[in-house]
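Visitor: Residue numbers (numbering that gives the first Met the number 0), protein chains in the order written: chain W, 0 to 438; chain F, 0 to 438; chain B, 0 to 438.
The hints are simulated quantities; they were obtained by calculation from the structure and are not laboratory data.
Treat the hints with caution; some may be incorrect.
Unchecked claim - Some chain W residues close to chain B (C-beta under 10 Å, calculated; not the full set):
id	residue
1	62
2	63
3	131
4	305
5	322
What you are looking at is a predicted structure, and each value in this text was computed from that prediction instead of being measured.
Positions of the beta carbon are idealized from the N, C-alpha and C atoms, including for glycine.
So you can see what is in the structure, the chains are spelled out below.
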Amino acid sequence: MQTNSNLNKKEICNKSMYELAEMLFPINRSLTGDGIKKSFDFFCEIHEEFKKIIFKTGEKVGDWDIPYEWNISNAYIELQNGERICEFSKCNLSVVGYSIPINKTLSFDELVEHLHYREDLPNAIPYVTSYYKKYWGFCLEYNLFKTLKKDEEYKCVINSTLKPGKLTLIEALIPSKKGLKKDIFFSSYLCHPSMANNELSGPVVLNEIIKYVKQNSSRKYNYRFVLLPETIGSIAYLSRKSKKLIEKVICGFNLTCCGDNNQYTHIQSPNGNNLADLALKAALIGKKNVYSKSFLERGSDERQYCSPQVNLPLCSFSRSKFGEYKEYHTSLDNLNFISQEGLLGSFNVIKNIIDAFEFGIYPMTITLGEPQLGKRGLYKNLSYHVAGQKRACGIRSDIIAYCDGKRSIFEIAILTEVPLNTLIEELKILLNFKLIKLI
Amino acid sequence: MQTNSNLNKKEICNKSMYELAEMLFPINRSLTGDGIKKSFDFFCEIHEEFKKIIFKTGEKVGDWDIPYEWNISNAYIELQNGERICEFSKCNLSVVGYSIPINKTLSFDELVEHLHYREDLPNAIPYVTSYYKKYWGFCLEYNLFKTLKKDEEYKCVINSTLKPGKLTLIEALIPSKKGLKKDIFFSSYLCHPSMANNELSGPVVLNEIIKYVKQNSSRKYNYRFVLLPETIGSIAYLSRKSKKLIEKVICGFNLTCCGDNNQYTHIQSPNGNNLADLALKAALIGKKNVYSKSFLERGSDERQYCSPQVNLPLCSFSRSKFGEYKEYHTSLDNLNFISQEGLLGSFNVIKNIIDAFEFGIYPMTITLGEPQLGKRGLYKNLSYHVAGQKRACGIRSDIIAYCDGKRSIFEIAILTEVPLNTLIEELKILLNFKLIKLI
Amino acid sequence: MQTNSNLNKKEICNKSMYELAEMLFPINRSLTGDGIKKSFDFFCEIHEEFKKIIFKTGEKVGDWDIPYEWNISNAYIELQNGERICEFSKCNLSVVGYSIPINKTLSFDELVEHLHYREDLPNAIPYVTSYYKKYWGFCLEYNLFKTLKKDEEYKCVINSTLKPGKLTLIEALIPSKKGLKKDIFFSSYLCHPSMANNELSGPVVLNEIIKYVKQNSSRKYNYRFVLLPETIGSIAYLSRKSKKLIEKVICGFNLTCCGDNNQYTHIQSPNGNNLADLALKAALIGKKNVYSKSFLERGSDERQYCSPQVNLPLCSFSRSKFGEYKEYHTSLDNLNFISQEGLLGSFNVIKNIIDAFEFGIYPMTITLGEPQLGKRGLYKNLSYHVAGQKRACGIRSDIIAYCDGKRSIFEIAILTEVPLNTLIEELKILLNFKLIKLI
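This is chain W alone, in the form it adopts within the complex (with noise of 0.2 Å):
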């Protein structure tokens, strides 16, 4: 990566998701280290609001404790013939993530314990994490591994180190400009070496997100990201922050696996219908291949947003949903996985969400019966019938019979099956013409 130095920060501001994508692509992130600072440090620049919240080794947070910093420098295996395989240098998914530094030849049976490839994706390299227990291990293709000779040992080279150290989150709050105290929310997490969809396409897309809450200056709500190690960063962020989130977050998404363009994916609450659930299932109308899965197919942060005892009415947002795309967790989820206009897609979801929230969420139909929408050019004039359509009054007329004032602006998209875009914009024109009022 070539980015801090090289480029200012408004240059980095104009580049779009797929470039930030590609500048962070190359980082070795894990847990802890060097990689995701940096990874951190690079969102930092672009956005001051950004603070970083710092943990030490050991620390307790939740059930958990703080685990050591990990950073590698090199590592190989290196053949009777002199030649490497599973260089960390070329790839760094080919070493198992907190692996303890090694430096033994060994026969190919005790090389073999530490080998992870996929015989299903043979010419993938696996990604593997060994956090909490004590191990090594390299990640090579089937394809390489099946060329390995029984009958050779194997000099195997881990340059690492594990030490007392820092486990590095941040956070930005985009303050509301109207003193309201409710907080939209998005998470998304960095600790994951060279993929592309899981995950570097959440933090990009939560970055665009946050230049479009920037820019709006009459913005109602507070919108507060958080990007972080995945779980043992979720969870440490809210051995700090729960009280605080519980007590005003309205709505939150985490943000994971949002880079391509195959589908789109909502990971229920454990309910099914708090806030966020509307929000997204109403942003989802009239999309194609649109998949609503149980909180039993979680995996992500909402495990931790939605645990019993914090609760938050969050919900996750990915297009192919991870553990469900071939590519997962492998070199194949790589920058060709991903597309500007899947994450775009991602984008607009969240942003139609927001301007459904900005606008105000409970509209109300303030006419005494229908309003005439013919007078103000809203209707056509003529009336005339043609058999069998199924929405029989129009959009428009849909809209204004379910603004009653409780029902929020998802439940009428959902029920009125309006994209929410769209149910927006109409709404912008009843709001213009004083034929609803916001509750």
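Put chains F and B on the given structure of chain W with help from the hints.
Guide: Chains F and B alone, transformed into the frame defined by chain W:
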């Protein structure tokens, strides 16, 4: 129509619903004007309880203004050979409703802008109106349209007037004999020219309901009935009476297109579960060809009565649903499309609902455990098993089991799948035997 | 039966459920009379906690009157050739239950009015009763019936008595060891003559439950058990105890037809969602051939316990449902139809529910965020992905995620699709590791 002078009130009262529709069919009705007034007078003569509620042109009602009064004496298109087509005197659908006066000779190209036909129904004259935009036009069969020559001229004559005047509706309150201050409400509309199902069926069924309610000398509920021009009429009515309706109405129905004998249709309220929804659902148990439609498929005065600021516990009832039968809004919706049998089917649905209210809608079994039906001759005494029976204990026992004083009679019908009229008959027997009480 | 005198209490206690059913099978039982009394005595001898509750003939219970006590010593039909058929001494189903005494010679045509057979089961003797209408009759195989000659006379003898006497039921309260004033309630019935599934299975399973509950020396709940004659017995019982039951019972089950090994059946309460419904639904997760039946398909004492004025949180549990297996209410419902395996399957379902209550039904995860399972050896440490897994995080993690202190253990089982016994085992581990608490 030869009514008022030639037939006295009693003679009209003895007419069947179908015969009333026959008498009213020829009149040219619209939102305003002599035809709808004459039609209202017809019903006022039958039921002295009907009171006129009058609005002046320009009066503000809800978001609307009462329009000009429209009258028409004559209209036609004269061909070059002197032949006349689209003669209002032959079919009042031939002229677009609320056409401004015209007397002008036009080329074919000019004329065609003012002609309406249905290619899909080449022998039908469509029903078209332009209440709120100044316009004139003719409606004709597509087969006739095809014979018009492109190089001829057409003399278009519409002798109509659009002047400040009045909009009228009629309301009848048949009061409770017990002083109960709760209303059951019925609405239908009478603004359509010579079409039968839409909309003479609703008014004649409503008339039959009034007769039924009046002959009950111990009725518990108030019954409130309105006949009005659709949309503007119900909005005008609400502008005067919404407070009272919101306070008193516990169940209401909009009656429309209830004269054919093809199916039964429930057009649900926005939430689909108010007392009227449950009542209608219960009353349709056991009928063939029952369709339940979302409020998204609304299209009649439920639009006004269920609008957010009014939100009456009301739904709409139809046989073939407006907008979904091919004859709808054409000259094919004539007296052949409806039948006394069809009208009676509709009346009986509503009659059963009224019977339920009058009986008492919260029955409660009073025995501790099941009553012994056998000793009262209410059960076969010899227990004998036949395998595979679905309703294990019989209808009577099911009803007893579900009457807990909290479930309404309508919910009991729905839960036990017992037709509402059967349920009421059974409950009468159980009440007679002091096995239930009414809460 | 050779029981009471020959076997001591301890020996009976060691008998399997199936063996108990074998011992009780030959006795002729009815609502009243010596047979059911002898059967009650059998259970009273095993559990001294059983107390008799006695009602006199003519006593008013709910809407019913306690009937005469019926006893029968002998009955048969004698053919002209002296041969006897329908001998009570050979099969007690041969006589219609509650038959009045008769000693009369009849023509075939007269006799046939008093004969009951099943053409669809030509080798079965059906079970017929006439408790509340004076009648006498015989039941026989259709194949036997076909051999009767139309021109012969038949001597019908029934030596029965119908006299003022007593109706008995037995109740046992096994009290909480912790002073908790909440009851778990079980009911079954014992009024059927020699049939096995319906109904010796319920009483012997109930007996096994009592043994299970008694051996728990630290039980939290009161356990209340009744054995009674069906319908009149439960109504009589409610006439004395309904107040107490309504006050104390938090969950109850009627046990019937639970001795075969073909399926599991849940007969729901009227609303289908009380605590017993949820508990039974949870306890049947993961079983094959589970059927959930509406209250419309009820037919046993849930009819009384769930009647409107009582409305206990109870449902019925069966293997093959009464009325739905072909052997039901015939001589084919014999000891071959049930098995120890089938009875044990039923017992285990109830055992799991009791275990859940005794464990505590509102578990709550106490960590902030997820606990770290790995450090306790409760989780595999190496994260490794296999695509397409449906339960993404494993059963243990799912349970932790859903234990919020508000969902009952039964709802957690249903939501996580974890069998109730597995759930309890997991919760015990989690409690041991202080990862959950009980609310």
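Visitor: Take the hints in turn and mark each one as holding or not.
Guide: Hints versus structure:
Interface hint status for residue 62 (chain W): upheld, as the beta-carbon distance to the closest one in chain B is roughly 4 Å, under 10 Å. Satisfaction of the interface hint for residue 63 (chain W) is found here, the shortest Cβ-Cβ separation to chain B being roughly 5 Å, below the 10 Å cut-off. Given hint, residue 131 (chain W) at the interface with chain B, holds; its Cβ is 5 Å from that chain's nearest Cβ, closer than 10 Å. A cut of 10 Å between beta carbons decides the hint on residue 305 (chain W): the least distance to chain B is about 7 Å, and the hint holds.
Hint on residue 322 (chain W) holds. Least Cβ distance to chain B is approximately 6 Å, under the 10 Å limit.
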